[in-house]
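Chemist: Mapping to numbering that gives the first Met the number 0: the sequence shown position 156 is 155, numbers consecutive.
Hints may be right or wrong, so weigh each one.
With a straight-line cut-off of 35 Å between C-alpha atoms, the simulated DSBU-like cross-links for lysine-lysine are [stated by the list, open to error]:
{"#": "1", "residue 1": "Lys90", "residue 2": "Lys239"}
{"#": "2", "residue 1": "Lys239", "residue 2": "Lys222"}
{"#": "3", "residue 1": "Lys239", "residue 2": "Lys210"}
{"#": "4", "residue 1": "Lys210", "residue 2": "Lys116"}
{"#": "5", "residue 1": "Lys222", "residue 2": "Lys210"}
{"#": "6", "residue 1": "Lys211", "residue 2": "Lys222"}
{"#": "7", "residue 1": "Lys116", "residue 2": "Lys211"}
{"#": "8", "residue 1": "Lys239", "residue 2": "Lys116"}
{"#": "9", "residue 1": "Lys90", "residue 2": "Lys211"}
{"#": "10", "residue 1": "Lys90", "residue 2": "Lys222"}
Read the hints as simulated data drawn from the structure, not as lab findings.
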Amino acid sequence: MSIDTLIYFALLALMAEILGTVGGFGSSVFFVPIAAYFLDFHTVLGVTAVFHVTSNLSKIALFNKDADRQLLLYLGAPAIAMVVVGAWWSKYLETQWLEVLLAGFLVVLSLSLLIWKTLYMEPTRLNSALGGIISGLLAGLLGTGGAIRGITMASYNLSIDSFIATSALIDLGIDASRSVVYIWNGYIQWSDMTLILILAVVSFVGTYTGKKILQRFTQQQFKNIVLLLILATGVYTLLKFAFP
Numbered sequence: 000m001s002i003d004t005l006i007y008f009a010l011l012a013l014m015a016e017i018l019g020t021v022g023g024f025g026s027s028v029f030f031v032p033i034a035a036y037f038l039d040f041h042t043v044l045g046v047t048a049v050f051h052v053t054s055n056l057s058k059i060a061l062f063n064k065d066a067d068r069q070l071l072l073y074l075g076a077p078a079i080a081m082v083v084v085g086a087w088w089s090k091y092l093e094t095q096w097l098e099v100l101l102a103g104f105l106v107v108l109s110l111s112l113l114i115w116k117t118l119y120m121e122p123t124r125l126n127s128a129l130g131g132i133i134s135g136l137l138a139g140l141l142g143t144g145g146a147i148r149g150i151t152m153a154s155y156n157l158s159i160d161s162f163i164a165t166s167a168l169i170d171l172g173i174d175a176s177r178s179v180v181y182i183w184n185g186y187i188q189w190s191d192m193t194l195i196l197i198l199a200v201v202s203f204v205g206t207y208t209g210k211k212i213l214q215r216f217t218q219q220q221f222k223n224i225v226l227l228l229i230l231a232t233g234v235y236t237l238l239k240f241a242f243p
């Protein structure tokens, strides 16, 4: 990348991290479609995983509330197991269709949450495990599954700090696991280290900024804005493939 392109990429990544922190979905729901315009899809998966490791460490440090142990067990463990499966499968699937699938997923999910604002899952162990399985599989295949996990966790009525801390701990396990598989698959190269170092700085700045925003506004206000941006991102990506 040229210097100008690298700066532009870093600013977009910063925006994704801020919105992901405020909305509670994680930055990948924005970062993956953004990065796909600069990098091939497999590299996007690898860079996103490492980016999220540093992002989650920042969230754990800044939102230092007690995490929910029940969710860590019943949602986190299945998610970590299934992300390895999804990451492995990603090597054998056509990347163009993965991008289309991601865009369709973003559109359906954002519309569902905008229309049915009270949409949630009953806080049972079975539903927690199902949420973990689906979110982990999607994270491995598409690079993002935080929105499904967010819907599942929302049913437990956690405080904002506890919600983010719990999500970050689960995400840390997910991203560390899939990073190993992506490295094994050859998705991350030494040439990507400059991007990864820049994204490490971006993750902390974005998380810190998002925390400050959450102290001034309600999460629901920003959640609606985030959902509209997710919808716009998905629609734009679908139009890109429909009208190349």
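Chemist: Taking the hints in turn, state whether each one holds.
Modeler: Here's how the hints hold up against the structure:
1. Lys90 / Lys239: 23 Å, holds
2. Lys239 / Lys222: 26 Å, holds
3. Lys239 / Lys210: 33 Å, holds
4. Lys210 / Lys116: Judged against 35 Å, a Cα distance of about 23 Å means the pair holds.
5. Lys222 / Lys210: 14 Å, holds
6. Lys211 / Lys222: 15 Å, holds
7. Lys116 / Lys211: 25 Å, holds
8. Lys239 / Lys116: Given that 35 Å is the threshold and the Cα spacing comes to 29 Å, the pair holds.
9. Lys90 / Lys211: 39 Å, violated
10. Lys90 / Lys222: 33 Å, holds
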